[in-house]
Amino acid sequence: MNNSNKTVSLVLGSGGARGLAHIGIIHWLEEHGYNITTIAGSSIGALIGGVYGAGKLDDYEKWVRALQKKDVIKLLDFAFSRSGLFSGDKIMQTLKELLGDINIEDLPIKFTAVASDVDAEKEVWFDDGPLFDAIRASISIPTIFTPVNYNGHMLVDGAMLNPIPVAPTLTNMTDITIAVSLSGKRVYDTDLKITEEPKIENGYLSAISNYIDKLQQKYKTQEVEQTDVFDVIMKTYESMQNTITRFKLAGYNFDHLLEVPSNTCKILEFHRANEMIDFGYELAEKQLSGHL
Numbered sequence: 147m148n149n150s151n152k153t154v155s156l157v158l159g160s161g162g163a164r165g166l167a168h169i170g171i172i173h174w175l176e177e178h179g180y181n182i183t184t185i186a187g188s189s190i191g192a193l194i195g196g197v198y199g200a201g202k203l204d205d206y207e208k209w210v211r212a213l214q215k216k217d218v219i220k221l222l223d224f225a226f227s228r229s230g231l232f233s234g235d236k237i238m239q240t241l242k243e244l245l246g247d248i249n250i251e252d253l254p255i256k257f258t259a260v261a262s263d264v265d266a267e268k269e270v271w272f273d274d275g276p277l278f279d280a281i282r283a284s285i286s287i288p289t290i291f292t293p294v295n296y297n298g299h300m301l302v303d304g305a306m307l308n309p310i311p312v313a314p315t316l317t318n319m320t321d322i323t324i325a326v327s328l329s330g331k332r333v334y335d336t337d338l339k340i341t342e343e344p345k346i347e348n349g350y351l352s353a354i355s356n357y358i359d360k361l362q363q364k365y366k367t368q369e370v371e372q373t374d375v376f377d378v379i380m381k382t383y384e385s386m387q388n389t390i391t392r393f394k395l396a397g398y399n400f401d402h403l404l405e406v407p408s409n410t411c412k413i414l415e416f417h418r419a420n421e422m423i424d425f426g427y428e429l430a431e432k433q434l435s436g437h438l
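Here the working numbering is used: the first residue of the sequence shown is 147, the next is one more, and so on.
Hints are computed from structural coordinates only; laboratory data are not their basis. Given the structure is predicted, the values throughout are model-derived calculations rather than measurements. Errors might be hidden in some of the hints.
[Said to hold, decoys possible] Derived DMTMM-like pairs: lysine to aspartate or glutamate, alpha-carbon spacing no greater than 25 Å straight-line: (1) Lys-236 <-> Asp-217; (2) Lys-268 <-> Asp-279; (3) Lys-220 <-> Glu-251; (4) Lys-152 <-> Glu-251; (5) Lys-242 <-> Asp-204; (6) Lys-202 <-> Asp-265; (7) Lys-215 <-> Glu-243; (8) Lys-152 <-> Glu-177.
Go ahead and model the full structure; you've got the sequences and the hints to work with.
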């Protein structure tokens with residue numbers, strides 16, 4: 147069978163900026179003649195998968211490759227809410243202006259975005275309705291972005307219950323199912339430079355950070371090491387996500403698994419798009435070439 151006749155179900159996992167590797171993987175599959183007919187995504191996987199389904203991946207890639215640290219910070223709009231630090235509205239509005247509005251059922255591929263219903267304690271699969279509403283729910287990292295109200299239920303990031311949503315693809319009649327995990331084993335021989343999260347040094351976030359620092363200075367002892375509260379939240383979220391991913395992967399069958407090491411970059415390091423996209427392409431070349 148020629149590659150051009152092979153259909154692919156693609157499962158795109160969660161993991162923040164590491165998900166930019168999804169773009170490189172998609173490019174590799176297209177360049178080698180594979181036909182992606184189905185995508186299921188969680189969090190950043192839902193965003194990348196939805197953008198691809200809408201035929202706007204090149205536009206999104208051009209935009210994200212141009213992001214610098216200061217641009218990422220500007221996209222994090224402070225929310226006057228107790229339910230999350232950022233509203234996410236600025237990010238979604240930017241994406242809407244860049245990509246336009248479209249419904250999931252109008253996409254040329256079968257697409258599912260996964261979010262988590264914390265009231266019902268179950269996954270929510272979006273396979274119809276406004277694409278960006280589904281993406282907004284799927285990327286709502288608890289305490290970071292405000293949750294989405296959906297039919298009276300509070301929806302948060304899909305990674306809370308399903309960081310790598312293989313299940314929506316199980317009934318697909320495709321030739322190959324490829325899962326992409328962003329929670330791979332940490333490595334220390336990668337060419338990617340591990341850097342610190344960008345420091346947020348302006349506006350309300352600066353005031354909050356300074357206030358927390360003052361409280362820590364007031365109550366700390368010599369035995370207590372100061373830790374950035376934002377970093378604690380991110381590390382806690384990633385630890386949970388990585389653990390759930392391992393359990394999910396053990397419970398499903400798929401043809402190929404691509405794993406992006408969890409320390410290639412941090413969740414909000416979207417200014418490293420060039421590195422991560424190239425990393426994804428090279429990973430696909432290494433793991434898939436000659437094996438599909």
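The hints, checked one at a time:
1. Lys-236 <-> Asp-217: Between Lys-236 and Asp-217 the Cα gap is close to 12 Å, so the pair holds against 25 Å.
2. Lys-268 <-> Asp-279: OK: Lys-268 and Asp-279 at ~18 Å, within 25 Å.
3. Lys-220 <-> Glu-251: 32 Å, violated
4. Lys-152 <-> Glu-251: Distance ~23 Å between Lys-152 and Glu-251 Cα, so the pair holds.
5. Lys-242 <-> Asp-204: 15 Å, holds
6. Lys-202 <-> Asp-265: Judged against 25 Å, a Cα distance of about 34 Å means the pair is violated.
7. Lys-215 <-> Glu-243: 21 Å, holds
8. Lys-152 <-> Glu-177: Distance ~13 Å between Lys-152 and Glu-177 Cα, so the pair holds.
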